[in-house]
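**Student:** This is what each chain is made of:
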Amino acid sequence: MKKLIDAVKNLVIGLLTTGKHLGRHAVTLQYPKEKWEMPERSRGIVVLLSDEETGELNCTVCMLCARACPSYAIRIEYEKDEKKKRHLKDFIVDYNVCCFCGLCEDVCNFAAIKLAPKYEFSTLDKSDLIWHTDKLQEMGRDVPYEKPVRKKAVAKPAVKPAAKPITSETENKSTAGPEKTTEDKPVEKPETKSETEQPETKTPDKPEANVPVEIENKDENDKPAGEQI
Amino acid sequence: MTAPGIHTEEFQVNMGPHHPSTHGVCRFILTMDGEVIIKAEPVIGYLHRALEKICENRTYQQCIPVLDRFEYCTSMSCNEAFALAAEKLGGLEVPERAEYLRVIMLELNRIASHLIWFGTTSLDLGAITPFLYGFREREDILDLFEMTCGQRLTYNYIRVGGVAKDIPPEFIPKCKEFLDKFDAKVDDYERVLTENPIFIVRNKDIGVLTPEMAIAYAVSGPSLRASGVKFDLRKDDPYSIYDRFNFNIPVTHNGDCYDRYLIRIAEMRESARIVRQAIEQIPEGEIAAKVSMNYKPPEGEVYSRIENSRGEMGVYIQSPGKEKKPLRVKLRGGSYNQLQVMPELVKGHKIADVVAIMASLDIILPEVDR
Amino acid sequence: MDRDELIKHLLEKFPEKIELLETGRAEPFFLLKNKDDLVAFCESIKTDENLDIDYLCNIGAVDTGERFEVVYDVASVKKHIRFDFKLRFEYEGAEIDSVQKVWPAANWYEREMWELYGINIRDHGNLKRFLLPDDWDQGHPMRKNWDAPDFVRMPEVE
Amino acid sequence: MEITGIFKYLYEQLVATGLSQTWVEIISLVVAAVIVFGFLAVMALFLVWWERKVSGHIQQRFGPMMTGWHGWRQTIADAVKLLQKEDITPSTVDRPVFYWAPIICFVAAFVAYVTIPFGKGLIVSDLNIGILFIIAITTFTIISLLMAGWGSNNKYALLGGMRSAAQVVSYEVPMVVAVLAVVLFAGSMSMVDIVQSQAKIYQWYIFRLPFGPIAFIIYIIAATAETNRTPFDIPEAEQELVAGFNIEYSGMKFAMFFLAEFVNMFTVSAIAATLFLGGWQGPWLPSWMWFLIKSLALVFVFMWFRWTYPRLRVDQLMEFSWKFLLPVAFANLILAGWMKYSGWFNW
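Protein chains in written order, with the numbering used here: chain A, 1 to 229; chain B, 230 to 599; chain C, 600 to 757; chain D, 758 to 1104.
These aren't lab readings, by the way, just hints derived from the structure by calculation.
A portion of the hints provided could be inaccurate.
Pairs of lysine-lysine, DSSO-like flavour, derived with a Cα cap of 30 Å [as the list claims (entries may be wrong)]:
hint: 1; chain 1: B; residue 1: K525; chain 2: C; residue 2: K743
hint: 2; chain 1: A; residue 1: K126; chain 2: B; residue 2: K576
hint: 3; chain 1: C; residue 1: K678; chain 2: B; residue 2: K554
hint: 4; chain 1: D; residue 1: K912; chain 2: B; residue 2: K268
hint: 5; chain 1: B; residue 1: K433; chain 2: C; residue 2: K743
hint: 6; chain 1: B; residue 1: K459; chain 2: C; residue 2: K743
hint: 7; chain 1: B; residue 1: K576; chain 2: C; residue 2: K743
hint: 8; chain 1: B; residue 1: K554; chain 2: A; residue 2: K3
hint: 9; chain 1: A; residue 1: K2; chain 2: B; residue 2: K525
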């Protein structure tokens, strides 16, 4: 008999708990009317960022993002001019394949590519999901981003190549030649707050504690990262 | 149990692959005598994406997003298992703060996965409302994840050598606010389901898993602890910094569906406790060791295993030495063995119990098919 | 029973059968020289009272380009021991015994190894295809030298 | 403002037109039938919408919001959608059985309203065996479920059909015994007499301790099983049988099953209101409004059950009915008989 009593008691408690939710305010959003605004770090669509003043792309065709992408969604076509300087012909991102992992954004040293917090880009036709430079740039117009702070030329010879992108490009190529295998391209080290030798003067207005520090490619010529045992 | 003299023959029913209660795509060929099941044979392979073949020609950092899809309910633990194995290979040291961030994310992910389990278990037994309550809490956790790493399901947050991004300043207050109201919510779940006589009758003494059979079939995680074997990798084979937090391991002894339910509800509370302690003790400092995109670990092989919400998740990596791509990555998920033991548990029960047992074992199919 | 005691104990118990590999990065890694005494080795480590290996974590086959390797990761729930051992054998005539009698959990692992690598398992019971589609006739996909008409290789970005 | 006057006035007009008596009877019955059918069709649509809103708010979400204010046009949209859906009849199906099953289910749901009093004078025809007629008609749904299950020649449907037949039969008996206790006390089976015998609020059968509340609870449990609602919705248990007996149905036939289920729910709560909560008796409001309030309150309780409780297994359900509900119902009947005979509580 006692079992029956507390069975009924529990049944009623169950009813009351669901009942008490009746009065409560609903937690769901009515999508088309109220939109969900994503936090600023959320990885939505991949966009190409461009300089506000000059309006041309930050991308210097270093092919790092194409190499870092696990699903090979980024294809870059470029042609070399006489000074072996690469000019971007077409930057294709194939959203059928892209898995929005954010590796391209982490690897890029020139803040040229970013995953913007936008999610409404579904299309009716699969081929519309392959975006080219103009669509990427136009989608990236209003996306705020931190410009990577350029390092001053640093006294330490071997470790850090010179700061300016143009020269570092050619200089990398020369140091890369002799002993590294071609496919292991040494990459210029992006600026990280905690790691630079002399204290970097941070622009005061940026309250956020640190530039997003990612696994960056630090390639000292003498001791590659993974080799120390 | 049919009356003598009456000729009856069993008939086969296909449960799945398009069936609402098989989590993922899986098919059971049930040979039934009336309502009672005589033999159940799981047919899998619908979700086979050859993850191991893909990982064989990806670099170590690129493997992490691939492994997010290995077990999408707790993809943090997939990242962690792979990252631990890669770090053991290369002998990398992970900074303190990264360890704490990993533990916070892992435990939050365990709560989220248990909430999925809680929702689908109640849904499979017919109570639809707890499913919605469970997912309401899970949304708060997903917001926390989206705030830090940008994605809600496949995070790509734990990297080889550390963590991708540091937590934004508003993460800790929001996390504290979630933790404070989470215990009250779990009491709500308990009130709706735990003592509910219908729920008890549907789950008591259904699908009893004896300790010997559990260990023989290498079942791990909550299903093993429900059979009375006190074995939790976080305590028995401690990895990362789990030895710094005090939490206890819930164990029950008769190994039926109801015990597996009780264990997981208790585990949710334990994980919340761990996250609370981790938030207080988190130090400042580095969040990632220096690991290049072309990380080349020395020649060697390692099998590292961690405790995720479905049991022991193990990653075996063999690296040939000079290559930046692993020679072989073998993934081991908890559901693989639990699905292997399902036919033994299901014999003699009814078709409605197959659903209850599968839900209580918390089997999801991407882990089985890889 | 920490790592060194375990190594010492195992090396004494099976002096000529196994040897310690230094490639192991975490738990001790042994090489079982002869693949025929696999089942005997597994039975003895299971019944050995101070080893008591009753929990099979994982069986993984590896195609190292010139030969096959099968890696067994085993553990003991009661004694908190964990170690791995592996077998090496050539491509042709790749055949090993099933360890189902020792650990029933091995059933599906061996079945998967047979399906994806083509390593034949003696007296396994139900060696049927279960991961790949039933009408799969393009060989064993996990082998290094495997190629198939519609297998798209990833383009090597220069 | 009793609306029985309107029908009297219409009836006199009809007689005044000088048709023969039989014709007048036929026309008035047809008119009554159309009115009841219209009322129930609207009520079914309203209940579908209400269930979705109630379930939404219990689960802290909104329920339909897009179509009109709080989505009131949602069910109409669903009905129109179901109408223009293709009505597939699979080839392997036993054609006549498959075709007639939804029709029987639909008709059985509506015929029960012949003897249900909507208000003081608002009853289609006051049979003296009212409650017996209703119970006899509602058992037709078992036949239609069986026909649907077996007719659609599908393993899951067969399982669903068998289960539903077993369930409804085994819960029919305690329901009848509970109703018998009330009829025994009211002294007559006609619904109007039963309602009249509950004139005052303390005379409602639910408050006739000790047999009243027990009979009411037994009736409510049996009613949820009768209308295949959780925790007894085994026949179309989505999780196990994918959709039970109405797997093969689509379009108009499925709509019939769907509406029949909701009409059944309203029928069962209407009977409960009439038997236990004193039908249209109520202080200030007009009688038909009281009837509606009581019925909808009971319908809300059914919905509340559905969104709180998990589902019972078939054998547990049978066991609960035969081993527990029926003995209690019989004991309750004997108690009611003794109370009636000894005149105790017989105010």
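**Student:** Give a verdict on every hint.
**Tutor:** For each hint, the structure was consulted:
no.	hint	verdict
1	B/K525 <-> C/K743	holds, 20 Å
2	A/K126 <-> B/K576	violated, 47 Å
3	C/K678 <-> B/K554	violated, 35 Å
4	D/K912 <-> B/K268	holds, 17 Å
5	B/K433 <-> C/K743	violated, 49 Å
6	B/K459 <-> C/K743	violated, 41 Å
7	B/K576 <-> C/K743	violated, 41 Å
8	B/K554 <-> A/K3	violated, 62 Å
9	A/K2 <-> B/K525	violated, 68 Å
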